Amino acid sequence: MKKPLIEVKELNLKFVSFEGIAHILDNVSFKIYGREIFGLVGETGCGKSVTALSIIRLLPKNSIIEGSIIFDEKNLLDFPEREMAKIRGRQISMILQDPTSSLNPMFKVGEQLCDAIKSNQPNRKDVKDYALELLKVLGFRESKRVFNSFPNELSGGMQQRIAIAIALSGEPKLLIADEPTTALDVLTQAQIVALLKDIRDKYGTSILLITHNLGLVAEVCDRVGVMYSGQIVETGPTEEIFYNTRHPYTLGLLQALPYNKPKDKPLPVILGNLPNPFNPPKGCRFKERCSRATKECENLKPKPYLISQEHSVACFNPLGDIIC
Amino acid sequence: MKKIISGENEITLRLLAKDKLALFSLAIIVLFILMAIFAPYIAPYPEEGEGKPVPEQRFIPPSIEHPFGTDYLGRDILSRIIFGARISLSVGIFVVICAIFIGTPLGLIAGYYGGKVDEILMRATDVFLSFPSLLFAIALVASLGPGLFNAMLSLAITWWPWYTRLARAQAVSIKEQPFILASKAMGVSGIRIVFKHILPNSLTPIIVQGTMDMSSAILAEAGLSFIGLGAQAPSPEWGLMVSTGRIYLLNYWWFPVFPGLAIFLIALAFNLFGDCLRDILDPKTRKFRGITF
Chain D
34 MKKPLIEVKE
44 LNLKFVSFEG
54 IAHILDNVSF
64 KIYGREIFGL
74 VGETGCGKSV
84 TALSIIRLLP
94 KNSIIEGSII
104 FDEKNLLDFP
114 EREMAKIRGR
124 QISMILQDPT
134 SSLNPMFKVG
144 EQLCDAIKSN
154 QPNRKDVKDY
164 ALELLKVLGF
174 RESKRVFNSF
184 PNELSGGMQQ
194 RIAIAIALSG
204 EPKLLIADEP
214 TTALDVLTQA
224 QIVALLKDIR
234 DKYGTSILLI
244 THNLGLVAEV
254 CDRVGVMYSG
264 QIVETGPTEE
274 IFYNTRHPYT
284 LGLLQALPYN
294 KPKDKPLPVI
304 LGNLPNPFNP
314 PKGCRFKERC
324 SRATKECENL
334 KPKPYLISQE
344 HSVACFNPLG
354 DIIC
Chain A
580 MKKIISGENE
590 ITLRLLAKDK
600 LALFSLAIIV
610 LFILMAIFAP
620 YIAPYPEEGE
630 GKPVPEQRFI
640 PPSIEHPFGT
650 DYLGRDILSR
660 IIFGARISLS
670 VGIFVVICAI
680 FIGTPLGLIA
690 GYYGGKVDEI
700 LMRATDVFLS
710 FPSLLFAIAL
720 VASLGPGLFN
730 AMLSLAITWW
740 PWYTRLARAQ
750 AVSIKEQPFI
760 LASKAMGVSG
770 IRIVFKHILP
780 NSLTPIIVQG
790 TMDMSSAILA
800 EAGLSFIGLG
810 AQAPSPEWGL
820 MVSTGRIYLL
830 NYWWFPVFPG
840 LAIFLIALAF
850 NLFGDCLRDI
860 LDPKTRKFRG
870 ITF
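Chains D and A supply the protein sequences, listed in that same order.
Using our numbering, the first residue of the first sequence is number 34, and each one after it goes up by one.
Using our numbering, the first residue of the second sequence is number 580, and each one after it goes up by one.
Keep in mind the hints are simulated off the structure, nothing from the lab.
The reader is advised that the hints may include incorrect statements.
What the hints assert, rightly or not - Quick list of in silico lysine-lysine cross-link-like pairs, DSSO-like style, CA-CA up to 30 Å: (1) D/Lys-119 - D/Lys-47; (2) A/Lys-775 - D/Lys-94; (3) A/Lys-775 - D/Lys-169; (4) D/Lys-298 - D/Lys-320; (5) D/Lys-119 - A/Lys-754; (6) D/Lys-177 - A/Lys-775; (7) D/Lys-94 - A/Lys-695; (8) A/Lys-754 - D/Lys-94; (9) A/Lys-597 - A/Lys-863; (10) D/Lys-36 - D/Lys-119; (11) D/Lys-36 - D/Lys-64; (12) A/Lys-754 - D/Lys-141; (13) D/Lys-64 - D/Lys-119; (14) D/Lys-151 - D/Lys-177; (15) D/Lys-119 - A/Lys-775; (16) D/Lys-161 - A/Lys-754; (17) D/Lys-42 - D/Lys-119; (18) A/Lys-775 - D/Lys-161; (19) A/Lys-775 - D/Lys-141; (20) A/Lys-695 - D/Lys-119; (21) D/Lys-119 - D/Lys-35; (22) D/Lys-151 - A/Lys-775; (23) D/Lys-334 - D/Lys-47; (24) A/Lys-754 - D/Lys-151; (25) D/Lys-94 - D/Lys-47; (26) D/Lys-47 - A/Lys-695; (27) D/Lys-64 - D/Lys-320; (28) D/Lys-294 - D/Lys-230; (29) A/Lys-754 - D/Lys-47.
This structure is a prediction, so every number in the text was calculated from the model and none was measured.
Take the sequences, apply the hints, and build the full model.
Spelled out as structure tokens, the structure:
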């Protein structure tokens, strides 16, 4: 079997605050292989971004983290901060949701890109040429003009591409993209998505794509993990998730998509809200919103189990073979 | 064809060029700076400006030869004021720059790192701020011994905590910006984030505060000289001139009045300029000044 590039094993995360202890992540496990785009989907507040921040170890100080994140056969959670800083940017890098505020407004983008290249590839001499080349790869036709622009002179999509260029400057093995298209319009989204695919093909970078856009997942991801309330409820190859859905929550998400739905009927929605992280319910966390909940779900926590070689689900009453 | 305006710097310059009050105060500041630099060439009587007494021409009222009159040792007051600009400006610049260089890095570090570092640094500044600053400066000069340099030094020592507070407040708000998280995610070290990313973004209020403090520092130093703790005779320091001239106010009014006017003018100019700069640099207050493109 292939060896994964990064393996997150039974990650538990708690935030300590004045209100008590918030249980943010509960036994999150997933793997990302080389040259793979892994999608992490779920609604707002289910712990997607926090999972990304755990991998790159930039959680707030009041967090307690347990489990392991194996990267290159080493556990990232054991690394001292100084070692971790060397991993960031060179092995794992990250792009953020809002491109308009993820660049320093005081410096020209070229300068910021060169800075990133210098710090991540100290031996490189042709920093400026490499920067211009990176800009070309990212689809800037007038790379010289862009090089000498300030962030506020560029559009959101352009700023996001600059952010991606900076993230790629250290030729990382894993790129974490935390909702990279949320702040962009649909056309720009399509460009960024195509770009991510290109990057994977060209550099062999694995990408962890965090999003709540299922259309995006269907388009680019090789495998998907569906998150709900800090747990991964279903994970598997994209096609399996979309056409062989097993978890009721995943089905709910898919049914709420407006594609190919009759116009006169309201869209089916998942009623209710995410459970309170300070006091998570016993048993299955989805039971209150689930139409298939039984007594079993009330007290016992469903454990993920494999239903095919790659596809696993955490549910006592998974759906059978249905066509979505 | 109209040139496309790009970047905050250019916007600031353009707004500045349209603001009459800012231009007026800047003109006064530039005038004083030129006066200070070229004092020996501008002053009508350079030797008297530096303190050479001329007993035969004491207390000449303002006239064509002596536009501001002469003092009790027969020295031309205009020349002395021109030479005094050197002292006042260098005091202002020295005190403000020292305060900024000491205060800003400490504040940025306290704000960015937080926790114990923050506690220690901020409590230290609280100790300094708990004394009235002029009183503290007087106490310091008294123990160091009166003199211009000691006065400057003690003013700088009492001034930096204000910049620490200002810079800390800036760092605390800027460190939450996404681009700081982005640079952390690229493996940028803490100290580099502080000085490369937070410092340039927090300079605006510090520059404004510095400009306004120029006037306060000049006033404070004039005050120290007035009570005899700053510059010593025969230095053409304005505060000192007011102090020695005040007993002659009723008979020879020009002796204390013109140096006093000089202090007033430079303090006013720096204050006005600081005010305008603050309003121009903050996009929210631009419209209150009626400045648009």
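Against the structure, the hints come out as follows:
1. For the given pair, D/Lys-119 sits about 26 Å from D/Lys-47 by alpha-carbon distance, which is consistent with the 30 Å threshold.
2. For the suggested pair A/Lys-775 and D/Lys-94, the alpha carbons sit about 23 Å apart, so the restraint of at most 30 Å is met.
3. Using a Cα cut-off of 30 Å, the hinted pair A/Lys-775 and D/Lys-169 holds, with the two alpha carbons roughly 27 Å apart.
4. Annotation: proposed proximity of D/Lys-298 to D/Lys-320 holds, straight-line Cα distance about 26 Å (limit 30 Å).
5. This hinted pair checks out: D/Lys-119 and A/Lys-754 have alpha carbons roughly 21 Å apart, not beyond 30 Å.
6. Distance check on the hinted pair: D/Lys-177 and A/Lys-775 sit about 24 Å apart at the alpha-carbon level, within 30 Å; holds.
7. Annotation: proposed proximity of D/Lys-94 to A/Lys-695 holds, straight-line Cα distance about 13 Å (limit 30 Å).
8. For the given pair, A/Lys-754 sits about 14 Å from D/Lys-94 by alpha-carbon distance, which is consistent with the 30 Å threshold.
9. Pair hint A/Lys-597 plus A/Lys-863 holds up; C-alpha atoms about 17 Å apart against a cutoff of 30 Å.
10. With a C-alpha separation of about 23 Å, the suggested pair D/Lys-36 and D/Lys-119 falls inside the 30 Å cut-off, and the hint holds.
11. Pair hint D/Lys-36 plus D/Lys-64 holds up; C-alpha atoms about 9 Å apart against a cutoff of 30 Å.
12. For the proposed pair A/Lys-754 and D/Lys-141, the alpha carbon gap of about 20 Å is at most 30 Å, so the pair holds.
13. The hinted pair formed by D/Lys-64 and D/Lys-119 meets the criterion: a straight-line CA distance of about 22 Å does not exceed 30 Å.
14. Only pairs whose Cα atoms come within 30 Å are accepted, and D/Lys-151 paired with D/Lys-177 is accepted, the gap being roughly 19 Å.
15. Note on D/Lys-119 and A/Lys-775: the hinted pairing holds, with a Cα-Cα distance of about 18 Å set against a maximum of 30 Å.
16. For the hint pairing D/Lys-161 with A/Lys-754, the CA-to-CA distance comes to about 29 Å; that is within 30 Å, so the pair holds.
17. Between D/Lys-42 and D/Lys-119 the CA atoms are separated by roughly 22 Å; this keeps the pair inside 30 Å, and the hint holds.
18. Proposed proximity of A/Lys-775 and D/Lys-161 is supported: the alpha carbons are some 20 Å apart, at most 30 Å.
19. Only pairs whose Cα atoms come within 30 Å are accepted, and A/Lys-775 paired with D/Lys-141 is accepted, the gap being roughly 13 Å.
20. With a CA separation close to 26 Å, the supplied pair A/Lys-695 and D/Lys-119 stays within the 30 Å bound.
21. A C-alpha spacing of about 26 Å is found between D/Lys-119 and D/Lys-35, which places the hinted pair at or below 30 Å, so the restraint holds.
22. The straight-line distance between the Cα atoms of D/Lys-151 and A/Lys-775 is roughly 14 Å, inside the 30 Å bound, and the hint therefore holds.
23. Simply put, D/Lys-334 and D/Lys-47 have alpha-carbon atoms about 18 Å apart, close enough for the 30 Å limit, and the pair holds.
24. Between A/Lys-754 and D/Lys-151, the direct Cα distance comes to roughly 23 Å. Compliance with the 30 Å bound is thereby established for this hinted pair.
25. Restraint check: the Cα-Cα separation between D/Lys-94 and D/Lys-47 comes to about 11 Å, which is no more than 30 Å; the hinted pair holds.
26. Simply put, D/Lys-47 and A/Lys-695 have alpha-carbon atoms about 23 Å apart, close enough for the 30 Å limit, and the pair holds.
27. Annotation: proposed proximity of D/Lys-64 to D/Lys-320 holds, straight-line Cα distance about 27 Å (limit 30 Å).
28. Pair hint D/Lys-294 plus D/Lys-230 holds up; C-alpha atoms about 29 Å apart against a cutoff of 30 Å.
29. Using a Cα cut-off of 30 Å, the hinted pair A/Lys-754 and D/Lys-47 holds, with the two alpha carbons roughly 23 Å apart.
The structure meets every hint from the earlier list without exception.
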